[in-house]
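Asks: Each chain, letter by letter, is given below.
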Amino acid sequence: MSPASSTTPAHHLALRGVDFSYADSSSPPSPSRRILRSAHMSVPRGAFVLLTGPSGAGKSTLLRLFCRLEEPQAGQVLIDGLGVTALPPQLLRRRVSYLQQTPAVIPGSVRENLLLPFTFKSAGGDPRPDDATLSAMLDALSAGDIPLSQEASTLSVGQRQRLCLARALLTKPQALLLDEPVSALDACSSRAVLNAAESFCLDAGGTVLLVSHAEFVPRRVAPQHYRLENGNLAEVPS
Amino acid sequence: MDGGVLDITPWRLALALVFSLVAGGCSLALKLDLGRDILIGTVRSFAQLFLMGWVLGFVFAADSPWLVIGLFFIMAGAAAHTARGRVKEKAVAFAWPMYGSMAAVYLLVTMTVTGAIVAADPWWKPQYFLPIGGMVLGNSMTSVAVALDRLFADLRARAALVEMKLCLGADVSEASADIVRDAVRAGMIPAVNSMMAVGLVSIPGMMTGQILGGSDPSQAIRYQIVVMLMIVGATALGSTILTLIIRRRCFGPGQRPLLR
Numbered sequence: 001m002s003p004a005s006s007t008t009p010a011h012h013l014a015l016r017g018v019d020f021s022y023a024d025s026s027s028p029p030s031p032s033r034r035i036l037r038s039a040h041m042s043v044p045r046g047a048f049v050l051l052t053g054p055s056g057a058g059k060s061t062l063l064r065l066f067c068r069l070e071e072p073q074a075g076q077v078l079i080d081g082l083g084v085t086a087l088p089p090q091l092l093r094r095r096v097s098y099l100q101q102t103p104a105v106i107p108g109s110v111r112e113n114l115l116l117p118f119t120f121k122s123a124g125g126d127p128r129p130d131d132a133t134l135s136a137m138l139d140a141l142s143a144g145d146i147p148l149s150q151e152a153s154t155l156s157v158g159q160r161q162r163l164c165l166a167r168a169l170l171t172k173p174q175a176l177l178l179d180e181p182v183s184a185l186d187a188c189s190s191r192a193v194l195n196a197a198e199s200f201c202l203d204a205g206g207t208v209l210l211v212s213h214a215e216f217v218p219r220r221v222a223p224q225h226y227r228l229e230n231g232n233l234a235e236v237p238s
Numbered sequence: 001m002d003g004g005v006l007d008i009t010p011w012r013l014a015l016a017l018v019f020s021l022v023a024g025g026c027s028l029a030l031k032l033d034l035g036r037d038i039l040i041g042t043v044r045s046f047a048q049l050f051l052m053g054w055v056l057g058f059v060f061a062a063d064s065p066w067l068v069i070g071l072f073f074i075m076a077g078a079a080a081h082t083a084r085g086r087v088k089e090k091a092v093a094f095a096w097p098m099y100g101s102m103a104a105v106y107l108l109v110t111m112t113v114t115g116a117i118v119a120a121d122p123w124w125k126p127q128y129f130l131p132i133g134g135m136v137l138g139n140s141m142t143s144v145a146v147a148l149d150r151l152f153a154d155l156r157a158r159a160a161l162v163e164m165k166l167c168l169g170a171d172v173s174e175a176s177a178d179i180v181r182d183a184v185r186a187g188m189i190p191a192v193n194s195m196m197a198v199g200l201v202s203i204p205g206m207m208t209g210q211i212l213g214g215s216d217p218s219q220a221i222r223y224q225i226v227v228m229l230m231i232v233g234a235t236a237l238g239s240t241i242l243t244l245i246i247r248r249r250c251f252g253p254g255q256r257p258l259l260r
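Quick note, the sequences are listed as chains A and B, same order.
Everything in the first sequence is counted per my numbering, starting at 1 for the first residue and increasing by one.
Everything in the second sequence is counted per my numbering, starting at 1 for the first residue and increasing by one.
One or more of the hints may lead you astray.
Partial list, derived from the structure: chain B residues whose beta carbon lies under 7 Å from chain A [claimed, not checked]:
1) Ala160
2) Leu161
3) Met164
4) Cys167
5) Gly169
6) Ala170
7) Asp171
8) Glu174
9) Gly254
10) Gln255
11) Arg256
12) Leu258
If you are wondering where the hints come from, they were derived from the structure by calculation, not from laboratory data.
Backbone N, C-alpha and C define an ideal beta-carbon position, used for all residues, glycine too.
Working from the sequences, and respecting the hints, build out all of it.
Replies: Below, the structure written as structure tokens:
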């Protein structure tokens, strides 16, 4: 993980006047299909930011803009002051790791799933973690009881969510984009996921942008809070 | 009788319409609602085959390579058009790459067979090039349609997995490798299966034609073996190349999946 440096811009993730609407047969797009209207957002490096809003408001879309899974119609999506298009997509997505709302695992063991990112060309010379590292990562997410040889498809949703978070953290990203990471989890799993995200900020200096339909993260953990509703993105005062 | 083949007189040909009438009767009795299609199909079979017979007669007489290759491209266009119609996905534009690839790949396969294996002189000799090219196109058309249909369906069904891999740093080929593999395999299976059954379940078309034409069965077998192997090779090559080319079109700028 690259620690924050004095030469990098203060804002790690930023939106500048971003418009986004889903393709619509009607022209101009109907207001209900417009997701972001001239949206501005600034997330400092190492911050833990909460993004809330009603279902269907476009919170996931906003996260997906940062890893180029969506393209805005206008405005700029910036990482470290540079447009996201300035980086090759594979490199961008290793720096800014997006975790889908529904955890996706490949057929195979927990070990194979954790090592999946290291089988891609973009891993380059990144050392492949050994079993001890994999187990330690799972342990940090209160999932140390899952054997590395277990078939990933047999895991519960909560276990899969932690497996996916562990897999993302093993690639040492600079930012984590978490899409409703605890919506389907029990209290114990939720706590483990939140603790890991908080530790990613505090101990590793990473940035977390967490989407939720409810304000379940205390202000102490996420002092910055945005709300998205009817295409308007606004910072919620403390 | 003309050179070993029994003539089918126009009256006897008309007698074959009995089979269409039987099919139409079944449709009527069982309320299959296929009467109209059977009628149109019968008329088209007559019209298209008589037209093809006339065109082939003209091309054989003209003996021009440009006419042979031109006719082959028309046949390739018709095959691509038919294959395109069988693919349900409409969100990805794939018509032109499909026409181009099918024409180029199957031209190459047909040239290899006529020039190197059958050793026709010249390689474009219409009596060899057009029937063999037609068999390549006819069989590959189905395999290409199956492969592309499977590719598009799986890219939608497994969109979450593809996206997950992209988010972990995979490129398009890494994120969709298993989907491409399954699509090509699905396209090839009919051709591979027909190799297993050939000679046991049926006497295939080309061999039948040569035997009816009075050829030595041992020679007809050799031709049929070449045809079977050619079809497997052509379906493999066509399905693979087309699936790889069209896979790229399923991702937008920034390697963003377009099907989900």
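Asks: Decide, hint by hint, whether the structure agrees.
Replies: How the hints compare with the structure:
Residue-level restraint check for Ala160(B) holds (minimum Cβ-Cβ distance to chain A is 5 Å; threshold 7 Å). A cut of 7 Å between beta carbons decides the hint on Leu161(B): the least distance to chain A is about 5 Å, and the hint holds. Checking Met164(B) against chain A: minimum C-beta separation of about 4 Å stays under 7 Å; hint holds. Interface restraint check for Cys167(B): the shortest CB-CB distance to chain A comes to about 5 Å, inside 7 Å, so the restraint holds.
Using the Cβ-Cβ criterion of 7 Å, the hint placing Gly169(B) at the interface with chain A is satisfied: the shortest such distance is roughly 4 Å. For Ala170(B), the interface hint holds, the least distance from its beta-carbon to any beta-carbon of chain A being 5 Å, beneath 7 Å. Satisfaction of the interface hint for Asp171(B) is found here, the shortest Cβ-Cβ separation to chain A being roughly 6 Å, below the 7 Å cut-off. Because the smallest distance between the Cβ of Glu174(B) and any Cβ of chain A comes to about 5 Å, under 7 Å, the interface hint for this residue holds.
Among the interface hints, the one on Gly254(B) holds; its C-beta lies about 4 Å from the nearest C-beta in chain A, closer than the 7 Å criterion. Interface hint at Gln255(B): satisfied, since its Cβ lies 5 Å from the closest Cβ of chain A, which is below the 7 Å cut-off. For Arg256(B), the suggested interface contact is upheld, since its CB lies about 6 Å from the closest CB of chain A, less than 7 Å. Contact between Leu258(B) and chain A, as hinted, is not supported at the beta carbon level, the nearest pair being about 10 Å apart and thus beyond 7 Å.
Hint compliance for this structure: hint 12 alone is broken.
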